[in-house]
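Asks: Residue numbers (the UniProt record's numbering), protein chains in the order written: chain A, 1 to 343; chain B, 1 to 314.
Please keep in mind that the hints were generated in silico from the structure rather than gathered at the bench. Some hints could be false.
Here are the simulated DSS-like cross-link-like pairs (lysine-lysine), alpha carbons at most 30 Å apart as the crow flies [said to hold, decoys possible]:
| hint | chain 1 | residue 1 | chain 2 | residue 2 |
| --- | --- | --- | --- | --- |
| 1 | A | K323 | A | K276 |
| 2 | A | K306 | B | K307 |
| 3 | A | K162 | B | K130 |
| 4 | A | K162 | A | K82 |
| 5 | A | K196 | A | K71 |
| 6 | B | K307 | A | K240 |
| 7 | A | K193 | A | K316 |
| 8 | A | K196 | A | K159 |
| 9 | A | K276 | A | K306 |
Partial list, derived from the structure: chain A residues whose beta carbon lies under 7 Å from chain B [unchecked claim]:
| hint | residue |
| --- | --- |
| 10 | P53 |
| 11 | F201 |
| 12 | P208 |
| 13 | D334 |
| 14 | E337 |
| 15 | D343 |
In this text the structure is predicted, and so the values were computed from the model without any measurement. Beta carbons are placed, not taken as given, at the ideal position from N, Cα and C, and that holds for glycine.
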Amino acid sequence: MNNGSKGKAMLNGGLSRRAVLELGVLGLAVTALPRGAMAEDKKLKVAAVFATPIEEPWDHQVHVALQQAQKELGIDYKWSEKVQTADFGRVMREYAQGGYDLLMGDAFAAERESRRTAKQFPKVAFLFGSGAGPAEPNFGVFDNWIHEPAYLSGMIAGKMSKSGTIGAVAAMGIPEVNRLVNAFFAGAREVNKDIKRKVSFIGSFFDPPKAKEAALAQIDAGVDVIYAERFGVIEAAQQKGIYAISNMSDQSSLAPETVITGPVWNMFPTVEQAVKLVRAGVFTAQDYGDFSRMAKGGSSLAPYHKFEQILPAEVKDMVEKRKTEIMDGIFRVDVDENTPSSD
Amino acid sequence: MNAVLEQVFQVGFLAAIIRIATPLAFATLGEMFSERAGVLNLGIEGIMLLSAMTGFTTASLTGSLWLGILAAIITGALMGALHAVLTVALGLSQHVCGIGVTLFGSGLAYFFYRLVFGQQSVPPSIEGFKPVPIPILSDIPVIGPPIFNQFTLVYLAILAIPISAFLLYRTPWGLSLRMVGENPRAADSAGVSVIGMRFQAVMLGGALMGVAGAFLTMAQFNAFTFGVISGRGWVAIALVVFGRWDPWRSAGAALLFAFVDALQLRLQAAGLGHIPYEIFLMLPFVLTIVAMALMSRNAVAPSALLKPFRREER
């Protein structure tokens, strides 16, 4: 009580205009200090703003990487999920004003708004998932560039299909999805040029019952290896006893006898790089997409688990060889973002 | 073209129609009961989502699928009661309260899901309902396997249609329900409790919506994910109008929608050249609207729909 009234008195009468000015100058000086100088004193504060619930596979991988960074890189991590497009800028501003050094998240639905917000906080680093390019001075971008393991998965699918028909059930025909599905088919085509492709879109990110129905329809059409871009597909494959390729994370646990492997996105290299740059005070607006590539450890093929025994050695060798070539930069998986269609 | 037809019209196709129609049929019947009593329930989407969650969670925690269904029914009925308190007892705007119930139900579903399951990499799943073949009937060629080798809930949906029609048209209870939806003042004079009947109708409707939601997370699929309802509740509201507030016609509308939805999924996989996939996804909605425009033009809604009943008012 006593302390409180004393403080109040100071604010009212004790603080001269000059003192206020001095305080302001001091504040400016502190913010102007290079961030590196302060790194030892306080934890780097990172916040994430997600447009969807973190169960959405894309956002989930970003969230998981940031949690890993919290443990391994000693950052302070806070997050907001299911932020509507109309609220996106506001939530970003709240974090930026709250002393956060690095803001991450997915800007797809709010590309303009998030860039506009970033401009207002030139001292804060912004790194967002985006279908567009970086914006000077402080808005970097990244995306799920996991078409390389998708291609490898396609090679396996092409080899494991007995019917000669493989399928993919995906959310919608957006670049992030198209390039994975196309790479998957390209991989299958490389090992079996006559392979028939089936593609279905369910028109939303979350509708497992519909994804499952789409998969069942494909299986009726002769598909015997299916790429589960969305949740729901693996269950259909399991029910009908065909093989499935998972997406984004290692999903073998859903159906160990069904899921052969699948592309895995690891956002940790991207997060690590961004944290390193922000700590050094040299974060710049650029495309961090390369850190999602296989060579940087940003993506990989999920472990085979039970299929270690089931996959023929020649298939595993073939995939291993192609993988090494991709890692060495000798083989380049083409990025094709056109909407695929069924044969 | 023949190859396409062959690919589309298979046993699996018929089975898919029935599966897709089942949650729509439950939801449509639920909405129909509510509207027949004069209460539009736009809370349907949220009620379905919350029930899908409570049903799934109960089944997951207790290991009993039927306890899960019971939980979904109770959830649906309670949410119906909430909507009835707002719109029937307090006489507030049915549109606004309905949207409110949907937002509340969705938020609550998500909140409790997080509370129970935390953060998951892959959605937690259960052993869902398995198809139960009905002896003899499931051996009938062509229509046997798709119709009589289904989940028990599918059979219940099929039974729910004649039962609903019987309740609505052949029982005193149904007569009272229709009366409070057409002319509450007359019903009141005749000694029917308008408030009571409307509460019963909205709660029964909510319970049916609850089963619809639970079917999605416990039979058609075996996990709860956010957004699992994906607008099926809104579709049901349109199907009620399409079905002219009649149980048989409403169920028929659900079947037609499911038919086109199952068809478009098969057409997507059939390889019809470079037709944009959006065209296929649009088909069930477009055809429902067209059919509604053609067939339900002179449909007459219950006269007291959207009108709160206040005894002392004229």
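Asks: Decide, hint by hint, whether the structure agrees.
Replies: Comparing the hints with the structure gives:
Among the hinted pairs, K323 (chain A) with K276 (chain A) is consistent with the structure: their alpha-carbon atoms are about 28 Å apart, no more than 30 Å. A hinted pair counts as satisfied when its Cα atoms are at most 30 Å apart, and K306 (chain A) with K307 (chain B) does not qualify at roughly 62 Å. A distance of roughly 28 Å separates the Cα atoms of K162 (chain A) and K130 (chain B); the hinted pair therefore holds under the 30 Å criterion. Only pairs whose Cα atoms come within 30 Å are accepted, and K162 (chain A) paired with K82 (chain A) is rejected, the gap being roughly 42 Å.
Among the hinted pairs, K196 (chain A) with K71 (chain A) is inconsistent with the structure: their alpha-carbon atoms are about 45 Å apart, more than 30 Å. Restraint check for K307 (chain B) and K240 (chain A): not satisfied, since their Cα atoms lie roughly 50 Å apart, outside the 30 Å limit. A hinted pair counts as satisfied when its Cα atoms are at most 30 Å apart, and K193 (chain A) with K316 (chain A) qualifies at roughly 19 Å. Taking the CA atoms of K196 (chain A) and K159 (chain A), the gap is near 13 Å; set against the 30 Å cutoff, the hint holds.
This hinted pair does not check out: K276 (chain A) and K306 (chain A) have alpha carbons roughly 38 Å apart, beyond 30 Å. Annotation: interface hint on P53 (chain A) holds; nearest CB of chain B at approximately 5 Å, less than 7 Å. A cut of 7 Å between beta carbons decides the hint on F201 (chain A): the least distance to chain B is about 4 Å, and the hint holds. Here the hint on P208 (chain A) is kept, as its CB sits about 5 Å from the closest CB of chain B, short of 7 Å.
Because the closest C-beta pair between D334 (chain A) and chain B is about 20 Å apart, greater than 7 Å, the hint is violated. The beta carbon of E337 (chain A) is not positioned within 7 Å of any beta carbon in chain B (closest approach about 15 Å), and the interface hint is therefore violated. Below 7 Å, beta-carbon pairs count as interface contacts, and D343 (chain A) has one with chain B at about 5 Å; its hint therefore holds.
Consistency note: the structure conflicts with the earlier hints numbered 2, 4, 5, 6, 9, 13 and 14.
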